[in-house]
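Asker: If you want the building blocks of each chain, they are given just below.
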Amino acid sequence: MQRKDSCLQTIILPVSRHSDWRESLKRQINECEPGLLELDCRDWSLSYKDFMNILTLLEKFHLKINLIRADIPETIVSASSLGLQASLNIKQPQCSTSSITEDIAKKKESEPLTFHQGTLRSGEHLEADGDILLFGDVNPGAKVSAGGDVLIWGRLLGIAHAGKRGDINSKIVALQLRPLQLRIANKVARGPQEKPEEGLAEEALLESGQIIIKPARINSLRTA
Amino acid sequence: METKTRIILICSGKGGVGKTTLTANLGISLARQGVRTAVLDADFGLRNLDLLLGLENRIVYTAQEVLEESCRLDQALVKHKQEPNLSLLPAGNPRMLDWLKPDDMQRIVSMLTDKFDYVLIDCPAGVEDGFKNAVSASKEAIVVTNPEVSAVRDADRVIGLLNTHGIKPIQLVLNRVRPRMMASQEMLSIEDVTDILALPLLGIVLEDEQVIVSTNRGEPLTLTGSKSPAARCYSNIAKRMQGEEIPLIDPSKEGSGIRDKFRRLMQTKIF
Ligand SMILES: Nc1ncnc2c1ncn2[C@@H]1O[C@H](COP(=O)(O)OP(=O)(O)OP(=O)(O)O)[C@@H](O)[C@H]1O
Ligand SMILES: [Mg+2]
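Those protein sequences? They're chains X and C, same order as listed. Take the first sequence: its position 113, counting from 1, is numbered 113 in this note's numbering, and each next residue is one higher. Take the second sequence: its position 69, counting from 1, is numbered 1069 in this note's numbering, and each next residue is one higher.
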């Protein structure tokens, strides 16, 4: 399926504060030959709708996306939700443009984000030192534990442990948070009894030593 | 190497959910549809497929002698009298567990593929060696579960393992469905189960006392042409395996007792 093309074309979007990505994309597409394309979205936060528009545009020029690159997980998630191959850029601290990206970059450099595609079934355990981004469900009896945040693009029905080495600023985010048990750093909480509202992403974090659950902020999946 | 024989593992994780009963009944149903079917008892520790099929007293040789080459495969195969398209390859004695390796299992199954269209492997419960041996020889799987939290949990674990072994397709059979308990939400619903397991549902089998009666007689329900609820379910599943499109039984329209039937009659009259 994925033809390894020797002359892969790359489009790199401008850094978000400098100009509009749409203009730049159109300009760069005009210079492309029909075929495969790698698109680096830099620090643009693109929704799946943006990607749908991009795909229709590319189709007109007989271009197909081989790989999406981005600096922020949110864009990766949007791209992945459309079945596109996506990869997170791990930035060098010296080229970051703001203090926040610098922070993330530092964190990411030492402990990269771990991606996992597919549902974790009972008895399976996904573990990583950094953050974990999982596309799929964590079923009852399955467990995911991360040194940093646990971000689940699906349902959390099993056990999740964020900040397993004691990072009290870690959080757990899921599209549906119905865990058997939650752990953040060294705190443990049983999952809520009542089912959450459908379609409401939630996050669990530590507030004054207690694990609390609340609606997820839009940018939670951005690890900001 | 590539044959058209379908090698299907019937497994569950949790014990006692109805694997052997399903294997026996599907074996009979498929044979009745005219396809050459072998059922293989991979549960060496607690073999009882022979018992359910009523073939216990006709066993002379087992898979063990075939592997030791002290008999030929066709000497060990026990043909079912009423359904000659069905043969059983009996399990050897429980000590076989100590030395049996995935290779051995694969050898047995590849011998069967020349002679049969279907090989159904009755898998032991658990996820230990017996399970691993059986998986290594299989291509497809049917996961059997009950509408109970613990059975579903174990099924989920088994599905994860089947996935890592590249078994495809994996289909689901939900056994011992009690319509009334489901309706009153005392039991997990079909959706609850398929929601977690995320597998295509090959069929449901209703809870049915006749299953127990037939087990004790050594005559699978499907053999006797019974019209009982479970018998219908089993033969529907066999037909679906053969590609026929048969709608799922709607448990809310099923009830075992006369009282249920009467109640339904009442409802239709009133509304
Ligand atoms: N649909 C059904 N209705 C009523 N009883 C059933 C049904 N299916 C199975 N049973 C009963 O459940 C018991 C266990 O069935 P069976 O031996 O087929 O399970 P199994 O999964 O093969 O068990 P094991 O793991 O021990 O091999 C038997 O007594 C059987 O008669
Ligand atoms: Mg059994």
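Read the hints as simulated data drawn from the structure, not as lab findings. Note that beta-carbon positions come from the ideal geometry of N, C-alpha and C, so glycine has one too. A couple of the hints might just be wrong.
Stated by the list, open to error - Below 27 Å or equal to it, Euclidean Cα-Cα: the simulated DSSO-like pairs (lysine-lysine) are:
1) C:Lys-1014 with X:Lys-143
2) X:Lys-143 with C:Lys-1227
3) X:Lys-143 with C:Lys-1253
4) X:Lys-143 with X:Lys-195
To be verified - Beyond 12 Å from chain C on every Cβ pair, some chain X residues (computed):
5) Phe-61
6) Thr-119
7) Gly-136
8) Asn-139
9) Arg-155
As the list claims (entries may be wrong) - Partial list, derived from the structure: chain C residues whose beta carbon lies under 10 Å from chain X:
10) Gly-1013
11) Leu-1046
12) Ala-1125
13) Val-1127
14) Glu-1148
15) Arg-1153
16) Asp-1154
17) Arg-1157
18) Val-1158
19) Ile-1159
20) Leu-1161
21) Asn-1163
22) Ala-1198
23) Leu-1202
Asker: Going back to the hint list, which numbers does this structure go against?
Answerer: 2, 3, 6, 7, 8, 9, 11, 12, 14 and 23
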